[in-house]
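The task is simple: from the sequences and hints, build the whole structure.
These are the residues of each chain, in order.
2 protein chains.
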Amino acid sequence: MRKIIFNAGPATLPEVVLQQASEGILDLSNEGISVAEISHRSTLFQNILAETLHLLRELLCLNHDHEVLLLQGGGRLQFAQIPMNFLSKETAAGFIDTGYWAHQAMMYAAYYGNTNTIASSQQKQYTCIPKATEFKASNGYAYIHLTSNNTIYGTQFHQIPTVDSPLIIDMSSDILSRIIDFDKIDFAYACAQKNIGPAGLSIAIVKKDFLARSNTHIPPVFNYQLLAAKKSNYYTPPVLATYISLLNLRWLKAQGGVATMEAINHQKAKALYAEIDRNSLFENNIQAEDRSYMNACFTMQSAEMEQAFIDFCEQHHIIGIKGHKITGGLRVSMYNAQTLDNVQQLIHIMRAYETNYMNK
Amino acid sequence: MRKIIFNAGPATLPEVVLQQASEGILDLSNEGISVAEISHRSTLFQNILAETLHLLRELLCLNHDHEVLLLQGGGRLQFAQIPMNFLSKETAAGFIDTGYWAHQAMMYAAYYGNTNTIASSQQKQYTCIPKATEFKASNGYAYIHLTSNNTIYGTQFHQIPTVDSPLIIDMSSDILSRIIDFDKIDFAYACAQKNIGPAGLSIAIVKKDFLARSNTHIPPVFNYQLLAAKKSNYYTPPVLATYISLLNLRWLKAQGGVATMEAINHQKAKALYAEIDRNSLFENNIQAEDRSYMNACFTMQSAEMEQAFIDFCEQHHIIGIKGHKITGGLRVSMYNAQTLDNVQQLIHIMRAYETNYMNK
Numbered sequence: 002m003r004k005i006i007f008n009a010g011p012a013t014l015p016e017v018v019l020q021q022a023s024e025g026i027l028d029l030s031n032e033g034i035s036v037a038e039i040s041h042r043s044t045l046f047q048n049i050l051a052e053t054l055h056l057l058r059e060l061l062c063l064n065h066d067h068e069v070l071l072l073q074g075g076g077r078l079q080f081a082q083i084p085m086n087f088l089s090k091e092t093a094a095g096f097i098d099t100g101y102w103a104h105q106a107m108m109y110a111a112y113y114g115n116t117n118t119i120a121s122s123q124q125k126q127y128t129c130i131p132k133a134t135e136f137k138a139s140n141g142y143a144y145i146h147l148t149s150n151n152t153i154y155g156t157q158f159h160q161i162p163t164v165d166s167p168l169i170i171d172m173s174s175d176i177l178s179r180i181i182d183f184d185k186i187d188f189a190y191a192c193a194q195k196n197i198g199p200a201g202l203s204i205a206i207v208k209k210d211f212l213a214r215s216n217t218h219i220p221p222v223f224n225y226q227l228l229a230a231k232k233s234n235y236y237t238p239p240v241l242a243t244y245i246s247l248l249n250l251r252w253l254k255a256q257g258g259v260a261t262m263e264a265i266n267h268q269k270a271k272a273l274y275a276e277i278d279r280n281s282l283f284e285n286n287i288q289a290e291d292r293s294y295m296n297a298c299f300t301m302q303s304a305e306m307e308q309a310f311i312d313f314c315e316q317h318h319i320i321g322i323k324g325h326k327i328t329g330g331l332r333v334s335m336y337n338a339q340t341l342d343n344v345q346q347l348i349h350i351m352r353a354y355e356t357n358y359m360n361k
Numbered sequence: 002m003r004k005i006i007f008n009a010g011p012a013t014l015p016e017v018v019l020q021q022a023s024e025g026i027l028d029l030s031n032e033g034i035s036v037a038e039i040s041h042r043s044t045l046f047q048n049i050l051a052e053t054l055h056l057l058r059e060l061l062c063l064n065h066d067h068e069v070l071l072l073q074g075g076g077r078l079q080f081a082q083i084p085m086n087f088l089s090k091e092t093a094a095g096f097i098d099t100g101y102w103a104h105q106a107m108m109y110a111a112y113y114g115n116t117n118t119i120a121s122s123q124q125k126q127y128t129c130i131p132k133a134t135e136f137k138a139s140n141g142y143a144y145i146h147l148t149s150n151n152t153i154y155g156t157q158f159h160q161i162p163t164v165d166s167p168l169i170i171d172m173s174s175d176i177l178s179r180i181i182d183f184d185k186i187d188f189a190y191a192c193a194q195k196n197i198g199p200a201g202l203s204i205a206i207v208k209k210d211f212l213a214r215s216n217t218h219i220p221p222v223f224n225y226q227l228l229a230a231k232k233s234n235y236y237t238p239p240v241l242a243t244y245i246s247l248l249n250l251r252w253l254k255a256q257g258g259v260a261t262m263e264a265i266n267h268q269k270a271k272a273l274y275a276e277i278d279r280n281s282l283f284e285n286n287i288q289a290e291d292r293s294y295m296n297a298c299f300t301m302q303s304a305e306m307e308q309a310f311i312d313f314c315e316q317h318h319i320i321g322i323k324g325h326k327i328t329g330g331l332r333v334s335m336y337n338a339q340t341l342d343n344v345q346q347l348i349h350i351m352r353a354y355e356t357n358y359m360n361k
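Sequence lines, in order, name chains V and G. Under the working numbering, the first sequence has 273 at position 272, and the numbering climbs by one with no breaks. Under the working numbering, the second sequence has 4 at position 3, and the numbering climbs by one with no breaks.
Simulated from the structure, these hints should not be mistaken for lab results. For clarity, every value in this text was computed on a predicted model and none was experimentally measured. Ideal placement from N, C-alpha and C gives every residue a C-beta, glycine not left out. Treat the hints loosely; a few may be bogus.
Have a look at the derived ranges for each label pair, beta carbon to beta carbon [to be verified]:
(1) T340(V) <-> Q123(G): 41 to 47 Å
(2) T340(G) <-> K326(V): 31 to 37 Å
(3) M306(G) <-> M108(V): 57 to 63 Å
(4) D278(V) <-> N48(G): 35 to 41 Å
(5) M306(G) <-> Q47(V): 22 to 28 Å
(6) R58(V) <-> T340(G): 39 to 45 Å
Rendered as structure tokens:
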């Protein structure tokens, strides 16, 4: 029996994608070869790569000003690769600090150049997103970096702020989950294992004029200009992860694309937060307008009560709701592949648990 | 109908591994979750990771002096990561130049420190491996780097040379294919997509005393000491590629381990080279004692004849024998997952083609 999986990433994937991936591992398109065996120089893979890049362009409404890159590794590799390409000891990058991942991005950048925090919600224990009115001056930076959705704290930028320097956004946990105007963003990146596909792959969307300013005196494996020129097939790409991501993008398009996903994601989050607010056992302390539609982070009265609820969920085949070790508590991740029905089932369990608890 | 695949990498995998991977994508161990969905912090993945590391230790006969690392990305990322950890502007690394990949490793290292070629077979068009007697002095280097098997030229170090500095070996294309004494090697590494599993993963075997001398003032994602301390679970590992690699290592052990593989690999290579030498249509110009057991690179009288033979093979469901674009010609890759029977079928086709040709 298939479980209901609320993992923060690697996260659940649509059943039809898993079915198709399973078939492709045995035999890709009746070609007598597994997708895990095809050469990255073969026509079979060229087609997979081209369709993946094309679907990302279509689903994200990109235009000729944008390059799309498929990259190996995850977000942390990008934390290093971005400053290698866009920062130096003579320049500075500005950071909007919304917690652990934003802070990690800054810590990595400091190996390559100067860093400065231009806004932070640390004083508020990261329970909100800094307001644009609270930003320090944002001009003169090589770039400003922010994390659009914060998986650990459960906050999200529902509006992308305007800044006076090139804008780089870590969209690892909300890419493809909502309509975004990429004309306002110079470089966006995301690891795959939340809204795209399996772990081991990342994507980047970069404005061509920003890309042209990158540092090219770095090892080729990190050089975005070179990787763009080689159409994401310079080093051997993670072929299998790319293929499963393609299957997921096809699924996403068949659902109606990003606008449809955004509507469903709103429904899921609205329903879950309503239950958290109503249910006497659960509490969410994130400022209402900054609550994440991807990760609802909430607590109970004690760690023991939380563990008991996690156990109760597992008895009902619901897994992956334990909070991150930094914050503790509970976390429910609702990326695109998570269905409204699954969220409703969790809500049902939350109600049943409250009833049981009250009647004890 | 399943093809016979002689790809240089990503390469063929055992059918039973593909079958098990296909099942794991649908449902891992009847847990109600796909292996592509499990958290890298879950017990399920901890077990996969621990067994993978354990099997690598067992199959490679490692001892307590060695650390084993699972790393994201492929060989080129290691070309950069190795000098970040072990080279500086104040030190030099020595390189044994056996062609394209050895040269790439040196080109990457030059971004981080000084490099020097201590031996090269370039003058002989890389048709042989430099003899130890031809080496320049090898003392005083931060490390000496060599590529144990050269996929593009079809040469292989059948003896690992002794040098007077720490020894680093790129074993991407012959790891696990033969018995190696890892006590003589300070750092060995290999991308997965030839003898280990799917693309998107690499492994490293490092002596603990050498690791202790690495530079730790580098971004954590590149820091071998940190990755070892985190037991290869610092960044989100490529979970699916790791799982399929584990399935392949289990298969390898069930076949009898590396010694058995080495014997079969000798049989395959011996049979194929004998046919190349006998057959009037094919020629291999590699010095006999340096011929690779993994990749036989050979030619016909013209590129047109080679293409006609490639087409003939494809009609008989044999693919992946086109040579690398640098050298042209033909290339037959015979990593562990390639069966003797498949090589015999190719030999049969080579004979049939010669007969057809002679009777034209």
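Structure-based check of each hint:
1. T340(V) <-> Q123(G): 41 to 47 Å: violated (59 Å)
2. T340(G) <-> K326(V): 31 to 37 Å: Given about 46 Å between the Cβ atoms, the range is violated.
3. M306(G) <-> M108(V): 57 to 63 Å: holds (58 Å)
4. D278(V) <-> N48(G): 35 to 41 Å: holds (38 Å)
5. M306(G) <-> Q47(V): 22 to 28 Å: Holds - the Cβ-Cβ distance for M306(G) and Q47(V), about 26 Å, lies within 22 to 28 Å.
6. R58(V) <-> T340(G): 39 to 45 Å: For T340(G) against R58(V), whose Cβ atoms are near 42 Å apart, the range 39 to 45 Å holds.
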